[in-house]
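J.: Put together the whole structure using the sequences plus the hints.
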Amino acid sequence: DAGVTQSPTHLIKTRGQQVTLRCSPISGHKSVSWYQQVLGQGPQFIFQYYEKEERGRGNFPDRFSARQFPNYSSELNVNALLLGDSALYLCASSAGVLYEQYFGPGTRLTVT
Amino acid sequence: AQTVTQSQPEMSVQEAETVTLSCTYDTSESNYYLFWYKQPPSRQMILVIRQEAYKQQNATENRFSVNFQKAAKSFSLKISDSQLGDTAMYFCAFMNNNAGNMLTFGGGTRLMVKP
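In the order they appear, the protein sequences are chains A and D. The opening position of the first sequence corresponds to residue 277 in our numbering, with each subsequent residue numbered one higher. The opening position of the second sequence corresponds to residue 1320 in our numbering, with each subsequent residue numbered one higher.
Everything labelled a hint here was simulated from the structure, so no lab data went into it. From a predicted model like this one, the values you see are computed outputs, not experimental measurements. Beta carbons are placed, not taken as given, at the ideal position from N, Cα and C, and that holds for glycine. Keep in mind that a hint or two might mislead.
Unchecked claim - From the structure, some residues in chain A lie toward chain D, with a derived Cβ separation under 8 Å:
#: 1; residue: S303
#: 2; residue: H305
#: 3; residue: S309
#: 4; residue: L315
#: 5; residue: Q324
#: 6; residue: Y378
#: 7; residue: F379
#: 8; residue: P381
T.: Okay, structure coming up:
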């Protein structure tokens, strides 16, 4: 079975621009979570979606938004990019809200 | 809010030897899970082992085992017979059962296995 997939692999954007990152969960998984991992640090929780509803939100500004589609794939949007948004963005899927999470390879975002 | 602390930024071990990575956490919750994740240079986060807080028995997965001390809020990872492929960042993570499956991660320990 395919694992969690994310696209694109790498992305370079300019300050002020907007970016959309995509994630496809493991088949049968209904929950998707997003994490931001700044270089040299542990991942920080951004959002969790389950059955297309937001179930959790981390301490991130409103510039960050996400959604989950009927096929359980998800998009993370970041508006008005700042240099500090440069990070590895990880998507994780799980069978349910209390199940363990499986991570994708991440999208490396560089903001210049 | 929960916090997870990994006090060893870097560690090294000789191939075939044993190494222990430390993790402490702070929470007022009684129902939770703890995890160790491995992140190799390829950056894919891989689940190594998990521990349910209500279980007294320490979890084991082949060469990986944990020492879970609930009262001390300590959760260390022991890697036996270290292999070159164990070289990676290791993250300790906490999941509060009452808050979905949001993970709170520690800052990580970089482990180098030397031949």
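J.: Work down the list of hints and note, for each, if the structure agrees.
T.: Checked hints:
1. S303: Hint on S303 (chain A): violated, closest Cβ of chain D at ~18 Å, above 8 Å.
2. H305: Violated. Min distance 11 Å.
3. S309: holds, 7 Å
4. L315: For L315 (chain A), the interface hint is violated, since the closest Cβ of chain D sits about 11 Å away, which is over 8 Å.
5. Q324: holds, 5 Å
6. Y378: holds, 7 Å
7. F379: F379 (chain A) check passes; min Cβ-Cβ to chain D is 4 Å, inside 8 Å.
8. P381: holds, 5 Å
Comparing the model with each earlier hint shows violations of hints 1, 2, 4; every other hint is respected.
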